[in-house]
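A.B. asks: Turn these sequences into a full structure, and let the hints steer you where they fit.
Chains as they are written, first to last, in the numbering used here: chain R, 1 to 287; chain S, 1 to 304; chain Y, 1 to 326; chain G, 1 to 257.
Heads up, some of the hints might be wrong.
Ranges of calculated distance between the beta carbons of each label pair, as one might list FRET restraints [stated by the list, open to error]: (1) G:76 <-> R:28: 50 to 58 Å; (2) Y:179 <-> G:26: 31 to 39 Å; (3) R:141 <-> G:71: 27 to 35 Å; (4) R:105 <-> S:89: 37 to 45 Å; (5) S:54 <-> R:25: 48 to 56 Å; (6) S:119 <-> R:141: 42 to 50 Å.
No wet-lab data here; the hints were simulated from the structure. Please read these numbers as outputs of a predicted model, since none were measured by experiment. For every residue, glycine included, the Cβ atom is placed at its ideal position computed from N, Cα and C.
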Amino acid sequence: MKTFFDNPARIRFVVFFALCIILCIFSLIAPMLVPNDPGKADLANALIPPSQDYPFGTDQLGRCLYSRVMTGAATSIFSAFILVGVIFTIGTFIGVLSGYYGGKIDTFFMRIVDVLLAFPGMVLAIAVAGMLGSGIVNAVIAIALISWTKYARLSRSLVLSIKEENFIHAARLGGASSLKIVARHVIPNSIGPLVVAASLDIGAMMMQLAGLSFLGLGAVPPAPEWGLMLNEGRSMLQNAPWLLIYPGSAMFMTVAIFNLFGDSVRDILDPKFQKSIIKTTGGIKNA
Amino acid sequence: MHLVPILIGITVLTFLLMHLSPSDPAERLLTSQGIPVSSDVLEEVRKEMGLDKPFLTQYGNWMIKIIKGDMGISYMTGRPVYDELASHMPYTVALAVISMILTLVLAMPLGVLSAVRENKLTDYFIRFLSFIGMSMPGFLTALILIYFVSLKMNLLPVLSQPGIKGILLPSITLAAAMTGKYVRQIRAVVLEEMQKEYVKGARARGIKESRILYFNVLKNSMLSIITLIGLSLGSMLGGTAIVETVFVWPGLGKLVIDAIGYRDYPLIQGYVIWMAVLFVVLNLLTDLIYRLIDPRIRLNKEVA
Amino acid sequence: MDTLLEIENLHVKYKDVEVLKGIDLKIERGQIIGLVGESGSGKSTLIRSIIGLLDSGGHISNGQILFCGQNLAEKSHEEFRSLRGERMGMVFQNPGGSLNPTRKIGKQFFESVASHRKTGRKESYKKALNMLESLNLKDGERILESYPFEMSGGMNQRVAIALAMIMEPEIVLADEPTSALDVTSQMQVIEEMKRLRDKYSTAILLATHNMGVIARMADMVGVMYGGKIVEFGTNESILKNPYHPYTLKLISSIPSAKGTSFLADELQDKSKTELIGGGCVYYSECRISTVECDTNDPNLANVDKDHWCRCLNAGKEKSNESDTGA
Amino acid sequence: MRAILELKGVEKTFDNNRKESFRIKSLDLRIMPGETFGLVGESGSGKSTIAKLSTRLVRPDEGKILIDGKDIAPARGKKLKEAYGKVQMIFQDSYSSFDDRMKVGASISETIKNFQGYKKSDCAKEVDRLLERVGLKKSHLHRYPYELSGGECQRAAIARALAAKPKLLICDEATSALDVSVQHRIIRLLKKLRKEVGLGIFFISHDLALVSSFCDRLGVMKDGVMVETGSCDEIMADPKHPYTKELMEASLFINEI
Numbered sequence: 001m002k003t004f005f006d007n008p009a010r011i012r013f014v015v016f017f018a019l020c021i022i023l024c025i026f027s028l029i030a031p032m033l034v035p036n037d038p039g040k041a042d043l044a045n046a047l048i049p050p051s052q053d054y055p056f057g058t059d060q061l062g063r064c065l066y067s068r069v070m071t072g073a074a075t076s077i078f079s080a081f082i083l084v085g086v087i088f089t090i091g092t093f094i095g096v097l098s099g100y101y102g103g104k105i106d107t108f109f110m111r112i113v114d115v116l117l118a119f120p121g122m123v124l125a126i127a128v129a130g131m132l133g134s135g136i137v138n139a140v141i142a143i144a145l146i147s148w149t150k151y152a153r154l155s156r157s158l159v160l161s162i163k164e165e166n167f168i169h170a171a172r173l174g175g176a177s178s179l180k181i182v183a184r185h186v187i188p189n190s191i192g193p194l195v196v197a198a199s200l201d202i203g204a205m206m207m208q209l210a211g212l213s214f215l216g217l218g219a220v221p222p223a224p225e226w227g228l229m230l231n232e233g234r235s236m237l238q239n240a241p242w243l244l245i246y247p248g249s250a251m252f253m254t255v256a257i258f259n260l261f262g263d264s265v266r267d268i269l270d271p272k273f274q275k276s277i278i279k280t281t282g283g284i285k286n287a
Numbered sequence: 001m002h003l004v005p006i007l008i009g010i011t012v013l014t015f016l017l018m019h020l021s022p023s024d025p026a027e028r029l030l031t032s033q034g035i036p037v038s039s040d041v042l043e044e045v046r047k048e049m050g051l052d053k054p055f056l057t058q059y060g061n062w063m064i065k066i067i068k069g070d071m072g073i074s075y076m077t078g079r080p081v082y083d084e085l086a087s088h089m090p091y092t093v094a095l096a097v098i099s100m101i102l103t104l105v106l107a108m109p110l111g112v113l114s115a116v117r118e119n120k121l122t123d124y125f126i127r128f129l130s131f132i133g134m135s136m137p138g139f140l141t142a143l144i145l146i147y148f149v150s151l152k153m154n155l156l157p158v159l160s161q162p163g164i165k166g167i168l169l170p171s172i173t174l175a176a177a178m179t180g181k182y183v184r185q186i187r188a189v190v191l192e193e194m195q196k197e198y199v200k201g202a203r204a205r206g207i208k209e210s211r212i213l214y215f216n217v218l219k220n221s222m223l224s225i226i227t228l229i230g231l232s233l234g235s236m237l238g239g240t241a242i243v244e245t246v247f248v249w250p251g252l253g254k255l256v257i258d259a260i261g262y263r264d265y266p267l268i269q270g271y272v273i274w275m276a277v278l279f280v281v282l283n284l285l286t287d288l289i290y291r292l293i294d295p296r297i298r299l300n301k302e303v304a
Numbered sequence: 001m002d003t004l005l006e007i008e009n010l011h012v013k014y015k016d017v018e019v020l021k022g023i024d025l026k027i028e029r030g031q032i033i034g035l036v037g038e039s040g041s042g043k044s045t046l047i048r049s050i051i052g053l054l055d056s057g058g059h060i061s062n063g064q065i066l067f068c069g070q071n072l073a074e075k076s077h078e079e080f081r082s083l084r085g086e087r088m089g090m091v092f093q094n095p096g097g098s099l100n101p102t103r104k105i106g107k108q109f110f111e112s113v114a115s116h117r118k119t120g121r122k123e124s125y126k127k128a129l130n131m132l133e134s135l136n137l138k139d140g141e142r143i144l145e146s147y148p149f150e151m152s153g154g155m156n157q158r159v160a161i162a163l164a165m166i167m168e169p170e171i172v173l174a175d176e177p178t179s180a181l182d183v184t185s186q187m188q189v190i191e192e193m194k195r196l197r198d199k200y201s202t203a204i205l206l207a208t209h210n211m212g213v214i215a216r217m218a219d220m221v222g223v224m225y226g227g228k229i230v231e232f233g234t235n236e237s238i239l240k241n242p243y244h245p246y247t248l249k250l251i252s253s254i255p256s257a258k259g260t261s262f263l264a265d266e267l268q269d270k271s272k273t274e275l276i277g278g279g280c281v282y283y284s285e286c287r288i289s290t291v292e293c294d295t296n297d298p299n300l301a302n303v304d305k306d307h308w309c310r311c312l313n314a315g316k317e318k319s320n321e322s323d324t325g326a
Numbered sequence: 001m002r003a004i005l006e007l008k009g010v011e012k013t014f015d016n017n018r019k020e021s022f023r024i025k026s027l028d029l030r031i032m033p034g035e036t037f038g039l040v041g042e043s044g045s046g047k048s049t050i051a052k053l054s055t056r057l058v059r060p061d062e063g064k065i066l067i068d069g070k071d072i073a074p075a076r077g078k079k080l081k082e083a084y085g086k087v088q089m090i091f092q093d094s095y096s097s098f099d100d101r102m103k104v105g106a107s108i109s110e111t112i113k114n115f116q117g118y119k120k121s122d123c124a125k126e127v128d129r130l131l132e133r134v135g136l137k138k139s140h141l142h143r144y145p146y147e148l149s150g151g152e153c154q155r156a157a158i159a160r161a162l163a164a165k166p167k168l169l170i171c172d173e174a175t176s177a178l179d180v181s182v183q184h185r186i187i188r189l190l191k192k193l194r195k196e197v198g199l200g201i202f203f204i205s206h207d208l209a210l211v212s213s214f215c216d217r218l219g220v221m222k223d224g225v226m227v228e229t230g231s232c233d234e235i236m237a238d239p240k241h242p243y244t245k246e247l248m249e250a251s252l253f254i255n256e257i
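C.D. replies: In structure tokens, the structure reads:
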């Protein structure tokens, strides 16, 4: 008898999913655990190397780097979640609408998508963030404005191909209304690749947000945000490399964990993998 | 491709962006020129700039100017935006081209090797490297490179100077992230291609494995890889902004980040349009190459 | 006649599933052997294991394949490669699928020839033109300058056959070569393959689910079911005088083009629910099975001149049927 | 008598890609209630498009599609559903006609609910009745489509089509993907349904031998044109059109043993 865990892809998924959850919980309770106030400047203690009191050292304003790195986790993780959630919802909604109903709705939205896609992603985000002014919320808005197009395109093409599938024809012959067909057949059958895209996007979005902050277009000082911290620390690279090492490693590890999670989601939702499940469980087909 | 509607869309969107920005261009112009702002003067300048006219008229006038090559005067430097962009453009293009070449030189053999040695040690190692490349934010790679190559080993200057030495680190930074992504996708493309029936057909005809790989599979994989390049051009052009800023490379990205600090709207506007046009042109190029390589599309075109 | 290919007790497994369960088969030079059976009966696997191109996960777990007396399993990769194309050719089901879509046909001919012999492009083109001509394909020069997608399915299949024949191999393995074609193209392909056999005295091992194709082409017929050859004999004796209940059912299910009804219409299905296993592969479907069929695996036994059958009750149904006068 | 399905001057041009660009030119077709009409033609002749046109899964460019006298070419929503209560269709690849995420029973009962408006308990009874009619067991209800064999899945598709209580069943290459012995059993089932419930059948296939073995009337398609139509026996005995002759010869060549 095959069990859920017989497949290594599923084990990987469970492991990385658990890691992500732990990371999220940790980032939420971090402010309660850190030894120092992440915002408290103390110029007398500026640029102290990692020590007993300051495990990661202090920055040029004498703030505890350890406390700042730990409390910064929540900003990076949850702004990326919100960003992916927003673009996933909006993009998918518009894509399904365009794909299923076609006609003028489709033309209208797809022209917008074409235009937005004609901008190199980050370029427009930089411009929008520059217009709107700094702030993590503005950075999320700037990136969301251009990134939903990916989901719109993907869901539209999924819907277009599913729409021509025989089981949709059969459902229509079976007297189901359009709304029912969309809700019961089209969306459930196209959600897989979209979820994969979304979970692979979390890490990438985290990097984009941090990138904007790094450029001074995202989080505003004195917020403890990794990209911003790296920006503040980069002039001290020679004298205080810990200003680079700790936020940088935190950023890298978080992105890596979410990327691994995304990969594992792809592996278990991949149609090829699904087929192999069907083959192993549905051997009756050839019997 | 519907080039004209897209170009119109680009300009409309860019103009709209400016229009909706919270600050008043007239006020910005005055302050940048050091003229004290009073409501009278402001009103006058606004009239002069046509800011009291309806949106569409403003857009029309602006558009005519753009077509003539007049993108306004930069608040930051006082020079025409057009000249400013034109003088920085070559740096960005050079950076993009070199990073792309570097990426392909690295990613092609690695991706193919990874596919050929599927699920062997080499494959795992290459995939591990590509994963690291993908999970590393560009600015972090940049800082690490500066720290080790420039500060610790003193091999290259911290701040880039125009020239080979200067462009090396920025392009390595850009290429690192892209290579990670490419290796993965090239591996997937080659693996998929090797599953196709014509490969079995070639094997059944006794054609050498190496010949199948180099003359058949790779050639056909190129088609997907070109599409891939087209798709990733955007993220690369966007990525130049960060890299140029870190290395102080005098390209368009560095220019626009400085401009944002100055709230230099005409320059930002010009940057967005230039980048979009550059992107569209590059995409057109990849599309053309694709058509040239794929006989199915090429011949169909000739028939039609 | 001398034996070209000899298969002895061949077992093939995909991962843990045994797909071929002991195949014995002998192919003489210039002989056309047809393999019939439904999808999943193991025809394709048999062909692919002969030419050494089993899909990943498939391997020969027991038995051997002798080609001109040499064990194929003992060949090195390179030896096997030079064998393929030169002395063994293969035709696939999907017309054009075995051709590279982005290369001109002529180049693919050249590639095939050059893999086995040092030749110039011109020489190989000439050879290709000759081969296309023997396949009744006029306008060969245009074909060589075309891409596969520019031609119809029937044309592509004929080109694929020409490609398989270009080195004049001693045997051609054909896996459902006509199944994806329209009836009119099917007819041509069958005729041409027969002509090629006559001209080059190439042996052909042909797998198909279409009894009609077998009837037109094969000298000897093997009926496959569940990874075994359940009946083997000359074309005529299998079609006119089938012994195995499965063969009988297969033949009687064929609709007749004359507008008459099916032969098997009055036969009823019988399904069994509980199987002990280890017995005849056809037990669960069989209409004439007896209790011992569930546990007792029959051997391929001689039932007639050049005719063998793997059934404990071989021939029983036939006598029943002649009673009812069907 | 009124035809259950009638196509009048139907035209449709397809041009989605170079290989499948063809057009159906002013097509006329009448199928009477209870009749078995066979349509043969080789790939690319437009047979499948006719099946989809007849159920308005594809909209015609020109002409009328009358189901029991009502034109469904411009119909939508309720009117279309009304037509589907009279004409149902099964596909070549029965697996693809079921949503992989739903159990077979759920797919069937959905159609029952849509058309008959039964309550849950009545619905279950109706599903059982249909399964029995097509020769499936109750246990098949709780399986996913990919857990059925090809023949079983096609039976389930027939059961689902019957749930709408149609007068005409369109079979688009419904047995082509099946092995001969399974194909034969499906044909036998169709014959049984024809006899028991007076179901009309519009049987579309590339296999002339198969079509001629159980159809009343026959139509031959070539490049989007119906080149010959008439009673099955007549055509088989004395084909008029050269293409029909060619097709017959080839079929005889392949199928006759």
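A.B. asks: What hints, given by number in increasing order, does this structure fail?
C.D. replies: 3
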